[in-house]
Amino acid sequence: MSQDRIEQEIVIDASPERVWAVLTEPEHVGQWFGQGKPAPIDLRPGGVMHLDHGEHGEFPTVIVDVDPPRAFSYRWASGYPGETATETNSTLVEFTLAAEGAGTRLKVVESGFTTRTNPADPSPDASYESHTTGWTGVLAELKKRSEKLAA
Amino acid sequence: MTTEPGAAEDVLTALADPTRRLILERLSRRGDATATVLAEELPVSRQAVVKHLAVLDHAGLVTARRDGRERRYQVRPDRLAATARWMNEVAAQWSSRLSVIKRLAETDVPGTPEPRSHVGQGEPTE
Chain A
1398 MSQDRIEQEI
1408 VIDASPERVW
1418 AVLTEPEHVG
1428 QWFGQGKPAP
1438 IDLRPGGVMH
1448 LDHGEHGEFP
1458 TVIVDVDPPR
1468 AFSYRWASGY
1478 PGETATETNS
1488 TLVEFTLAAE
1498 GAGTRLKVVE
1508 SGFTTRTNPA
1518 DPSPDASYES
1528 HTTGWTGVLA
1538 ELKKRSEKLA
1548 A
Chain B
666 MTTEPGAAED
676 VLTALADPTR
686 RLILERLSRR
696 GDATATVLAE
706 ELPVSRQAVV
716 KHLAVLDHAG
726 LVTARRDGRE
736 RRYQVRPDRL
746 AATARWMNEV
756 AAQWSSRLSV
766 IKRLAETDVP
776 GTPEPRSHVG
786 QGEPTE
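Respectively, the protein sequence lines represent chains A and B. Mapping of the first sequence onto the working numbering: residues 1398 to 1548, in sequence order. Mapping of the second sequence onto the working numbering: residues 666 to 791, in sequence order.
You may find that some hints are simply not true.
Computed footprint of chain B on chain A; a stretch qualifies when at least three of its residues, placed anywhere within it, have a C-beta under 8 angstroms from a C-beta of chain B [claimed, not checked]: (1) 1407 to 1417; (2) 1420 to 1428; (3) 1495 to 1508.
It is worth saying that the hints were derived from the structure and are not from the lab. Every residue, glycine too, gets a C-beta built ideally from N, C-alpha and C.
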């Protein structure tokens, strides 16, 4: 299940403290993850950060980890506008900040797309994991094929 | 063409199970197969294979047609391809959010200590 993730990173010419401020201060969050208005944030584990995604709705995300200026994470029920994020309706978004030279390497990982509960699911057979391709491999393979088809 | 996040989640949830990935792999290699044939090849019971196929079917990853007393299954690649595209879109959205964070962090802010970058005053500082 560890491959169930999307990862992106960027190097920023600003200190981790400065990047941390942009990541967590209401007026900045409103800019990079909202509609421009300040996003109300109760910056503590278990606190709620309100994201306004305009026509897509409002998302009360739940903060998981606050470790300035190194790590910030929250749960986001992106498929359920208006619903507070829980373990079963949301993905986990994790930011990590690392000093790099005079700047900061900022990494974001969104994971947990497959943790939604499925009542029809037979018990998992984890012991066969090592013999099979991860789903990201499956997706990559099918993407290649579909691009070939589309070409 | 866009994919509903819910549909993509069904696909990802279906793919999260290693036995189901194995079933998809076997189906795509064989072209099609019945639950009985799959159960002979895999270390799980026919009953378990049937349940896994039902999850794959629900997610739109396989289709079935009657063949005598059994159902023959085959892979439907379109839903998988759409999910791959959806994952790429999500990644692209993060990439653009990170770019905004970068721009905000590198922009001078009134009231904060002098940052390293410069504001254009007609004199390059490099």
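Verification of the hints:
1. 1407 to 1417: Holds, because 6 residues of the region 1407 to 1417 of chain A bring their Cβ atoms closer than 8 angstroms to Cβ atoms of chain B.
2. 1420 to 1428: Our answer is that it holds, as 3 residues pass the Cβ test (under 8 angstroms) against chain B, meeting three.
3. 1495 to 1508: holds (count 5)
Of the hints listed earlier, there is not a single one the structure fails to meet.
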